[in-house]
Amino acid sequence: MSSVTSDVMRPVRARVVSVVKETRDTFTLAVTPADGESWEAFQPGQFNMLYVFGVGELPISISGDPEERERLVYTVRSVGQATHALVSRRPGETIGVRGPFGAGWPLGAARGKDVLVVAGGIGLAPLRPLIYHVLRYRDDYVRLLVLYGARSPGDLLYRKQLAEWSRAPDTQVLVTVDYGGLSWRGHVGVVTTLLRHVRLHVGRTVAYICGPEVMMRYVIRLLEARGLAPTDIYLSMERNMKCGAGFCGHCQLGPYFVCKDGPVFSYQQMRPWLDRYEV
Amino acid sequence: MAEAPRARLHFTGRAGLAQLIAALAAAGYRVVGPRMRDYAIVYEEIENVAELPVGWTDQQEAGYYRLARNHKETFFDFNLGPQSWKKFLHPPSLRLLAAERSGDGFRLAEQDEPPTRYALLGVRACELAAIRVQDRVLLGDQYIEPHYQARRRNIFIVAVQCSRAAPTCFCASLGTGPRIEGGFDLALTELREGFLVQAGSGLGAAMLEKIEHSPASEQHCREAEQLIAAVEAQIVRRLDTRDIARRLYEAGEHPHWEVVARRCLACGNCTMVCPTCFCTTVEDTSNVRGDRAERWRRWDSCFTEAFSYIHGGSVRMSVKSRYRQWLTHKLAAWLDQFDMFGCVGCGRCIVWCPAKIDLTEEVKQLLAAPA
Amino acid sequence: MQATPLTEVLKEHPFLEGFKPEHIQKMAELALEVQFGRDQIIFREGQESGLFFLILSGRIALEVSAPGRILRVQTLGPGEELGWSSVLGEGGKHFQARSLETVRALAFEGSRLRQACDQDPSFGYALMRRLLKVVAERLQATRMQLLDVYAPRAAKLI
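Protein chains in written order, with the working numbering: chain A, 1 to 279; chain B, 1 to 371; chain C, 1 to 158.
Source of the hints: derived by calculation from the structure; they are not laboratory data. Glycine is no exception: its CB is placed at the ideal position from the N, C-alpha and C atoms. There may be inaccurate statements among the hints.
Here are some chain A residues pointing at chain C (derived, C-beta under 10 Å) [unchecked claim]:
| # | residue |
| --- | --- |
| 1 | D178 |
| 2 | G181 |
| 3 | W184 |
| 4 | R185 |
Chain A with its partners taken away, still in its complex shape (with noise of 0.2 Å):
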């Protein structure tokens, strides 16, 4: 698909092979190559450029298996006239996918570590491929913390999942709404307050974070009280995105461009940056 030499501005056609409804506002796409070739694999973390004909391209992380290259999987939240035709495509119908690109979850760095996943909303879908790695290669990893929070019960993605990773050999999984109604007998509160209820081994635990960028500072702030080192957290960032491969400018962040430097980073990167506004 994409390398160095050859045309990354150019997209590879995709066929549609599902569609489904996680929530009342996001929904799973699964794509296949339309021309005959595998996927490139990707490593967890990256994204792709999906372009919907006539409308525009979206920078989308990808958020299923590493190890599957028949299909690409994509989980997209519909806020806008883009992503609104994104999910709106049927089995059968065509898209373009441009990528992999960015630099994905580093996980080598929590080998014979725990690892610990902090998720905000849609932020869950880009480490689904990093929850499934370690899953795949339990013995390399001590224990897997998750932790996720959605706005709503009716928020929550992947539900039926996290009830089987919870059930995983040593894997801890935690999930908290803001809101709940009276059938939600889950915890209800800020994300952050999931923290209290879990041991952290300092020096032992590599923090893996992904969800808007308020709630990932406040996690960052939470971590670092607890004695976690900005070089065992890793977070990604989002900014506008209009190339993927550092040629529009759209994306810079301080010295970084999101699109190559990132979108993940580890917090020793990014802290001279987070607290700052409008960068």
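Given chain A's structure and the hints, the job is docking chains B and C onto it.
Frame of chain A; chains B and C shown alone:
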């Protein structure tokens, strides 16, 4: 002229320029160079020497640009206009792809034919540096920008040594001029009776053979050196670049940003005239029947509110944050990203700012202790 | 089976982390072991409940009713506190508290805690400092809830 041994410098008479243009055209290049249009000197197609701004010079200051006659027969006695060579290498508007609806979705149309081969006539030292900067950004990083590459591969560069400096020039502070150092196929220095010529590549040497020339005399070389020394003495604006990246990052909350922001109109002129600014956006269009779509790339500016838009709002909402982004990118972040400054000291942003904002002045204020 | 003395239980509770032994002893003297079954209303909105709880096990939900719905705005679990406003002793509760499952807790009468603070200022200071921290954390979490970070469109700042 790059300080070459006199043996490698040649001289051609005034007629040599016309011969050069003809030779370039005969070799299949479309020659583009300075021409007068709408009371400014811009870069357009040149078919003969009469189309150059013969006998014209310019007067430039912050927010000020005028042309005036110099009452001489010079071809290149002016500095920079509002356009830069990125007009040809990184065009303002470019079709990226065309697609058509077909039974099972859509098909992408084949790529367009290869682009025109341009010969750039009249590239100044700071502009050579700007091309080097865009080369680094668009060819020298993780991915290669294929449209820039296709255009860049096929050009012929005729550099011209500046014979004067505008008050807004500060190339010397960025080490990009006024002396031409390299990156050209041919370089010309306009003398009283002709041109000093130097070949900077095999392509240039071959083209040199097609025009009348003789070895440069000691007198010619002396004239050229005196000219360059005079230009260097004319440069008045300075930018202190020592440790500027770190200092600018640290000045992120300096109160002076608010002061500049009150003047800045966020009009984006600076980014349009800047020879290194490379930001673009994409536009997807389709025909009325909805069976054919095109995707176009256009120049964009970080000064627009939409530039940093995500999730129903822009990251950089205030003009202050956008001015800060542009200046910090040019003089600090670019260094981290590409190991070079994004600014080449050409001074165009100072000339074409309707609010007369002078980045050399603003930097001085931002690096000084707050009042 | 020997029951754990109250002081040992209190020592383990995060609320009392760092408290001096004599202050923990004071809390033990004022503590009452309580238990709630599933779906029990611990206090109602507006009720002048004078009790402050340290939760030992089980989960409690804070609920508020608005026309047409009942919203759960926060849950509290083992190691957390409920009813800090009782220690201040002013006004009725702003929310209803309901146990979502069997809950075991240590309850303290707000008025008796205030009395102990008056009698022993160093105990009072330690208790108030810790309460301030609890309230600060709740405020922070509530503000983040207000930001509604998962909303599909970011709110425009006025």
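Cross-check of the supplied hints:
With a cut of 10 Å, the hint placing D178(A) at the interface with chain C holds, because the nearest CB-to-CB distance is about 5 Å. With 10 Å as the threshold, the beta carbon of G181(A) comes within range of chain C, its nearest partner Cβ sitting at about 7 Å, so the hint holds. The criterion of a C-beta within 10 Å of any C-beta in chain C is met by W184(A), whose closest approach is roughly 6 Å, and the hint holds. Hint on R185(A) holds. Least Cβ distance to chain C is approximately 5 Å, under the 10 Å limit.
Taken one by one, the earlier hints all hold for this structure without exception.
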